[in-house]
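2 protein chains.
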Amino acid sequence: MKLATYKDGSRDGQLVVVSRDLATAHYATGIAARLQQALDDWGFAAPQLQDLYESLNGGKARHAFPFEPRRCMAPLPRAYQWADGSAYINHVELVRRARNAEVPESFYTDPLMYQGGSDDFLGPCDDVVVPKEDYGIDFEAEVAVITGDVPMQATPDQALDGIRLLLLANDVSLRNLIPPELAKGFGFFQSKPATAFSPVAVTPDELGDAWQGGRLHLTLQSTWNGRRVGMCEAGPEMTFHFGQLIAHICKTRNVRAGSIVGSGTVSNKGVEKDGRTDWPKGYSCIAEKRAIETIQDGKPSTGFMRFGDTIRIEMKGKDGQSIFGAIEQKIAQPG
Amino acid sequence: MKLATYKDGSRDGQLVVVSRDLATAHYATGIAARLQQALDDWGFAAPQLQDLYESLNGGKARHAFPFEPRRCMAPLPRAYQWADGSAYINHVELVRRARNAEVPESFYTDPLMYQGGSDDFLGPCDDVVVPKEDYGIDFEAEVAVITGDVPMQATPDQALDGIRLLLLANDVSLRNLIPPELAKGFGFFQSKPATAFSPVAVTPDELGDAWQGGRLHLTLQSTWNGRRVGMCEAGPEMTFHFGQLIAHICKTRNVRAGSIVGSGTVSNKGVEKDGRTDWPKGYSCIAEKRAIETIQDGKPSTGFMRFGDTIRIEMKGKDGQSIFGAIEQKIAQPG
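Chains as they are written, first to last, in full-length UniProt numbering: chain R, 1 to 335; chain F, 1 to 335.
Heads up, a few of these hints could be off.
Here are the in silico distance ranges between beta carbons for each label pair [to be verified]:
no., chain 1, residue 1, chain 2, residue 2, range
1, F, ARG99, R, SER106, 19 to 25 Å
2, F, PHE65, R, ASP161, 38 to 44 Å
3, R, PRO236, F, MET231, 55 to 61 Å
Anything over 10 Å on all C-beta distances counts as not near chain R; from chain F, calculated [said to hold, decoys possible]:
no., residue
4, PRO69
5, ARG99
6, ASP120
7, ASP134
8, ARG175
9, PRO180
10, THR302
Below 27 Å or equal to it, Euclidean Cα-Cα: the simulated BS3-like pairs (lysine-lysine) are [as the list claims (entries may be wrong)]:
no., chain 1, residue 1, chain 2, residue 2
11, R, LYS184, F, LYS184
12, R, LYS7, F, LYS251
13, R, LYS184, F, LYS251
14, R, LYS7, R, LYS316
15, R, LYS251, F, LYS7
16, R, LYS251, F, LYS132
17, R, LYS132, F, LYS251
18, F, LYS184, R, LYS269
19, R, LYS299, F, LYS184
20, R, LYS330, F, LYS251
21, F, LYS299, R, LYS184
22, F, LYS330, R, LYS251
Derived from the structure by calculation, the hints contain no laboratory data. Note that beta-carbon positions come from the ideal geometry of N, C-alpha and C, so glycine has one too.
Using the sequences provided together with the hints, build the complete structure.
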């Protein structure tokens, strides 16, 4: 099934069930008012939401209305956890290669993750408000999952069973704030402003064969200022699958219902052509494009985002239909 | 006023108002069922909670009952943000001096903070469950605040106005997991298991003169296995006050109601005596004691915590009464 959260002036919005084709929606009132509430008691809420979803798909839901992504908050407008991985090691390799740094051997066996802020997410069509353009504004197109309860020391397989929903994320990054911040040794903070999520979160069964072994085998499309810049394969090159990422968190603590876990920038390896490496699938963040340019030409030529720039992030199924709806944001200054 | 959350089998527990002397309590049912709910609508809920608090203190609340800290969850059993500072630069200086590392000049003007997990906090008397003793189990006694909404780019003074409640924290750390984790560059993750909080959170007015300029001028007591190891002054040596810590987060994002912001390990400078530096006020985490031993004797002699060890963290007012109740935890293995 597909779930979304409609803006209603409250902090958590209103849970709606959305039809498979994203054409219609129906309030889930009476089952669960908010998505967190459904996740807190998934065994009870999910079957009822599924029934409503089937009625909606069959055109039989009594109070259906046209679904409008612009009225959406993030599916979880605030969450108790946002833990983001860097699960495509190719992304790490590119960025490090551009600055002549080695990738430590352990990075191939031990996932890289950071704890992000989760108190104030952006809806799919909300502006990305950044105080200064020269912070180096970048998008990061990612796949993410929302979990149920997963206990401390869960294995990757057990963790996979704890995945309730999948969605897309734009993990906005302020690139020029990252080097001084990471140099302090405590990880990201000011360099990671509010993250945005796709209009719709979907249960794994919606993805059919494309969801395999904790990886989503579909193409993540990124369109910057109307120009398609990324058509990246999210499946085969994901070094650590979502079960492994969740199990990484579970090494020393429980993961509780409503935790969101991200894949990190989706990234594909380059291909050799006429003695030069090329990246025909493009990129899911500008930092990677700049790393590629540095490797190819000695220096980056693509600038970061400017006020007024737009970013669209979307993923289509094998039938060509949008699965999660599109993240469509504009970069804006405060006020 | 003083607020706590009683265990009731649910994820968020039941909000209770606690008398100033911590002797009695009263359910806040009818005003707000959960603390997050009160924080979401503080202007509406706070005056009603205050009325109940005054009735309780006057012995006039109709359904008061004896307050039992063992029945408490963390005041916020889960939160949308847990951002922990390292606001006592003396702590950073000690730890770095022990390994012959410099403190960068910027650390005196730019707060060090990390984003912690906030989906699964421990109550004040809950066991600290750690899979392995050799992870290097340590307590960290801290002061923390819970905020209302503070907008992006708020100044430190504006951020101070956003503080709703104060409480104590035990930011449990797994010391032997820290060096390899920080070496990866993305900050703490597995080295920071669930944090515990004091039974009670209090509004700033409860602290009188002791709450000044965003610092709490009282003594934080840490008692390890029944032995008083820390009597650290939390006020004068706090390099960055809570308004500065919150404003640090607000540089690039909004801070939303119910965010918890921690001070980091409370730490006091040593005093010179007979040509040797001594730390008569003790320590608020074992890592600091080990750093002191290394500086004094060339190597640490105090080991980390073992299964079965206990830690008690408490702060008393000028009248000798416990303000927040005590964190009293035991270290335990899973199962």
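Right, here's what the structure says about each hint:
1. F/ARG99 to R/SER106: 19 to 25 Å: 21 Å, holds
2. F/PHE65 to R/ASP161: 38 to 44 Å: With Cβ atoms ~41 Å apart, the hint holds.
3. R/PRO236 to F/MET231: 55 to 61 Å: 58 Å, holds
4. PRO69: 22 Å, holds
5. ARG99: 13 Å, holds
6. ASP120: 5 Å, violated
7. ASP134: It holds; F/ASP134 is separated from chain R by about 13 Å at its closest Cβ, greater than 10 Å.
8. ARG175: 12 Å, holds
9. PRO180: Check fails; 8 Å does not lie beyond 10 Å.
10. THR302: 22 Å, holds
11. R/LYS184 to F/LYS184: At roughly 13 Å apart (the allowed maximum being 27 Å), F/LYS184 and R/LYS184 satisfy the hint.
12. R/LYS7 to F/LYS251: Measuring from Cα to Cα gives roughly 26 Å; hence the hint holds.
13. R/LYS184 to F/LYS251: 17 Å, holds
14. R/LYS7 to R/LYS316: 25 Å, holds
15. R/LYS251 to F/LYS7: 26 Å, holds
16. R/LYS251 to F/LYS132: 10 Å, holds
17. R/LYS132 to F/LYS251: 10 Å, holds
18. F/LYS184 to R/LYS269: 22 Å, holds
19. R/LYS299 to F/LYS184: Holds - the C-alpha atoms of F/LYS184 and R/LYS299 are around 26 Å apart, at most 27 Å.
20. R/LYS330 to F/LYS251: Given pair R/LYS330, F/LYS251 holds - Cα atoms ~20 Å apart, limit 27 Å.
21. F/LYS299 to R/LYS184: 26 Å, holds
22. F/LYS330 to R/LYS251: Within the cut-off at roughly 20 Å; holds.
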